[in-house]
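Chemist: Just so you know, the sequences run in chain order A and B. All residue numbers for the first sequence refer to our numbering, where the first residue is 9 and numbers rise by one. All residue numbers for the second sequence refer to our numbering, where the first residue is 9 and numbers rise by one.
Source of the hints: derived by calculation from the structure; they are not laboratory data. Small disclaimer: the values here were computed from a predicted structure and weren't measured. One thing to keep in mind: the hints can contain errors.
Pulled from the structure, derived: some chain B residues nowhere near chain A, Cβ distances all over 12 Å [what the hints assert, rightly or not]:
1) Pro-10
2) His-256
3) Ala-306
4) Ser-309
5) Asp-344
6) Arg-355
Taking lysine to aspartate or glutamate and the EDC-like style, the derived pairs with C-alpha atoms no more than 20 Å apart in a straight line are [stated by the list, open to error]:
7) B:Lys-350 <-> A:Asp-336
8) A:Lys-350 <-> B:Asp-362
9) B:Lys-350 <-> B:Glu-156
10) B:Lys-188 <-> B:Asp-98
11) B:Lys-188 <-> B:Glu-156
12) A:Lys-188 <-> A:Asp-303
13) A:Lys-350 <-> B:Glu-307
14) A:Lys-188 <-> A:Glu-174
15) A:Lys-350 <-> A:Asp-362
16) B:Lys-188 <-> B:Glu-172
17) B:Lys-188 <-> B:Asp-175
18) B:Lys-350 <-> A:Asp-327
19) B:Lys-188 <-> B:Glu-174
20) A:Lys-350 <-> A:Asp-336
21) A:Lys-350 <-> A:Asp-363
22) A:Lys-188 <-> A:Asp-294
23) A:Lys-350 <-> B:Asp-327
24) B:Lys-350 <-> A:Glu-307
For each residue, glycine too, the CB sits at the ideal point set by N, CA and C.
2 protein chains.
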Amino acid sequence: MPAIEHFWAVVPAGGSGTRLWPLSRSGSPKFLHDLTGSGRSLLQETVDRLAPMAGDRLLVVTGARHRDRVLEQLPEVAADRVLGEPSPRDSMAAIGLAAAMLERVDPDAVLGSFAADHVVGDRMALERAVTLAAEVARDGWLVTVGIEPAHASTAFGYVRQGGELEDHAGAYVVERFVEKPSADLARSYVESGAYRWNAGMFVVRPTVLLDLLASWHPDLAAGLREIAADPGRLDAVWPTLTTIAIDHAVAEPAAAEGRVATVPADLGWDDIGDFHSLYGVLGGADLRVLGDPGDVLAEGSTGLVVPRGGRLVALVGVDDVVVVDTPDAVLVTTRDRAQDVKTLVDRLRDLGRDDLT
Amino acid sequence: MPAIEHFWAVVPAGGSGTRLWPLSRSGSPKFLHDLTGSGRSLLQETVDRLAPMAGDRLLVVTGARHRDRVLEQLPEVAADRVLGEPSPRDSMAAIGLAAAMLERVDPDAVLGSFAADHVVGDRMALERAVTLAAEVARDGWLVTVGIEPAHASTAFGYVRQGGELEDHAGAYVVERFVEKPSADLARSYVESGAYRWNAGMFVVRPTVLLDLLASWHPDLAAGLREIAADPGRLDAVWPTLTTIAIDHAVAEPAAAEGRVATVPADLGWDDIGDFHSLYGVLGGADLRVLGDPGDVLAEGSTGLVVPRGGRLVALVGVDDVVVVDTPDAVLVTTRDRAQDVKTLVDRLRDLGRDDLT
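If we strip away everything but chain A, and leave its shape as in the complex, we get:
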């Protein structure tokens, strides 16, 4: 496909992925890892699939401590296209900073934000959805790509889809955003057919986004525009910015005012939020290996093995197990309990074992 005119891809590369410990660490977060066995990190795969739409119009926003690693992984991206955040300020500041810079360099820009640590199985479907979303965004909407729910997940937020837009077939008003639901609620959402997963893929004109932000968080919008006008002010202004997610800062209140649209799409999307999710993404046999199968010796076992410790991982008679081997820590859990890995990381921090987190 030809690139979408004036379309800018913004990739917030943050989050530590603690539920993927000990693979993902605060110093080497999830987006820097190859979690699909493709030979490319999640960040690299994200940039790869955005390139056909955005060409070289790409901005990555990441923590200052990860900026060198990001540049290493993305040799095709110019250094001034990778913005380093002095400290974590959540997704609104990250995406908002990119928006504030873009409204200065390209008055016709439409930006799309895509997390650096998700997977998309169907790139063609993504391109179709984003192309439509960009058209809708040009008319002033804040557009979110609404993922067709593959199951009644309690791990994601949802958007409730309303009526179709008059001018844009295939795009719909968003009635509201809802937080991660209970299992019962998630089932009712999926059965109703009216809900989509909110994957944080927002498509919007930078000025629309910042003006919406300015109506609820004027200081934050002003701070971001101040940095864009004078990048030398970054270190002074950044610490004063409100730490808030884009969903709470803009998407939810804008939906209440009828300013948000959604383009539903079936993308084979996953956020690889934990090892259970990683198992699903990998597919294949009952025993799935992310790494060299020669490093695993198994007898009557199922589940997921990630052999990254340079050693043999041997299994006998364990079902739905998750074994993640790294040079300084080995994790053993089950697919069912994978979401609780985060508690280990909390305990390690309490124990002062920051060397392991």
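Use these hints to put chain B onto chain A, whose structure you have.
Modeler: Just chain B, lined up with the frame of chain A:
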């Protein structure tokens, strides 16, 4: 207690303990390891508990390749008391070689053989049993210490106990030896009250043992006596010796002729045959650690962890799991499947991964 006069302890230190892989390796077998957390290896503990009965009358018989490690672990034992077998020839050759040497150095000797890789919880009970067994052995019997079965094990052979000896209260004729039974048979053995576990603890006069051997395996008995008469013949004669266990070579046929007695005893004995057995021996909480508990971080998990890889072992929500971490291999299995660990070692050998076995 005072030592038992002319009592010689013979410790065959062999077997690779493949069901305890990756802790036990062919180059570093089970008996060299501390498997109880005492700070002493199984071999050292074995020698420690024999010393009150045997004083310094101790012979260790081990593979030539392990002799240096054995001497290192037993600095109190003179070098000529540790015999190195040029190649594995099973327990008859090992114990028979010690017997052949002892009948030359001490005509009044009674020997007791005790595997180097078993545990005994009740040393006083062992001393009482061996003291009685030595008295019975002086009258020409081949005596076995019969372990009170703690459960219907299918992992051990049994002896069927007959009538009490006229001259020795507490000692009984052995009607026969039986091989490892099926689960049903094991239950019936234990319910009958007439069966004891055969732990391979034989007490006998050396000449009685060798003369019994000579009646069924004359070449083997002659070969052992030839080596004892001229140790320089070891390398030439040893490879010609029959490879056979003492049970088959002597104990079973001698029982058929009414020449075997047993002294039943409740010793808290275990052969630590696999990690399930090791779990039982360690006792304590639902999650048992052989090693530094600081190397284990667990959340809602039970089973056994052996952290020997210098790394953190982290568990979340796994029950009855067995995790054995070593520098070049990590094993994950369950207590139920612990006996199948051996198959992994077989597969590693088939794969030519002798570096790991």
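Chemist: Would you check the hint for Lys-188 (chain B) and Glu-172 (chain B), treating anything up to 20 Å between C-alpha atoms as holding?
Modeler: 25 Å, violated
Chemist: Checking one constraint from the list: CA of Lys-350 (chain A) to CA of Asp-327 (chain B), max 20 Å. Satisfied?
Modeler: OK: Lys-350 (chain A) and Asp-327 (chain B) at ~19 Å, within 20 Å.
Chemist: Does Arg-355 (chain B) sit more than 12 Å from chain A, CB to CB?
Modeler: Check fails; 6 Å does not lie beyond 12 Å.
Chemist: Would you mind confirming whether the straight-line C-alpha gap from Lys-350 (chain B) to Asp-327 (chain A) stays at or under 20 Å?
Modeler: Roughly 19 Å separates the two Cα atoms, so the pair holds.
Chemist: Is it true that the CA of Lys-350 (chain A) sits at most 20 Å from the CA of Glu-307 (chain B)?
Modeler: OK: Lys-350 (chain A) and Glu-307 (chain B) at ~11 Å, within 20 Å.
Chemist: Run the distance test for Lys-350 (chain A) versus Asp-362 (chain A): straight-line Cα separation, threshold 20 Å.
Modeler: This hinted pair holds, its Cα atoms lying about 14 Å apart.
Chemist: Lys-188 (chain A) and Asp-294 (chain A) were given as a pair; does the straight-line alpha-carbon distance stay at or below 20 Å?
Modeler: 29 Å, violated
Chemist: Within 20 Å, alpha carbon to alpha carbon, are Lys-350 (chain A) and Asp-336 (chain A)?
Modeler: Status holds; Cα separation ~17 Å.
Chemist: Take the C-alpha atoms of Lys-350 (chain B) and Glu-307 (chain A), compute the straight-line distance between them, and say whether it is at most 20 Å.
Modeler: The given pair, whose Cα atoms are some 11 Å apart, holds under the 20 Å limit.
Chemist: Can we confirm that no CB of chain A comes within 12 Å of the CB of Pro-10 (chain B)?
Modeler: Its Cβ never comes within 12 Å of chain A, the nearest being 48 Å, so this holds.
Chemist: Hint check: Lys-188 (chain B) vs Asp-175 (chain B), CA-CA at most 20 Å. Holds or violated?
Modeler: Cα-Cα ~31 Å, so violated.
Chemist: Please work out if Lys-350 (chain A) and Asp-363 (chain A) have their alpha carbons no farther apart than 20 Å.
Modeler: 16 Å, holds
In summary, the structure is inconsistent with hints 3, 4, 5, 6, 7, 8, 9, 12, 14, 16, 17, 19, 22 from the numbered list given earlier, while agreeing with the others.
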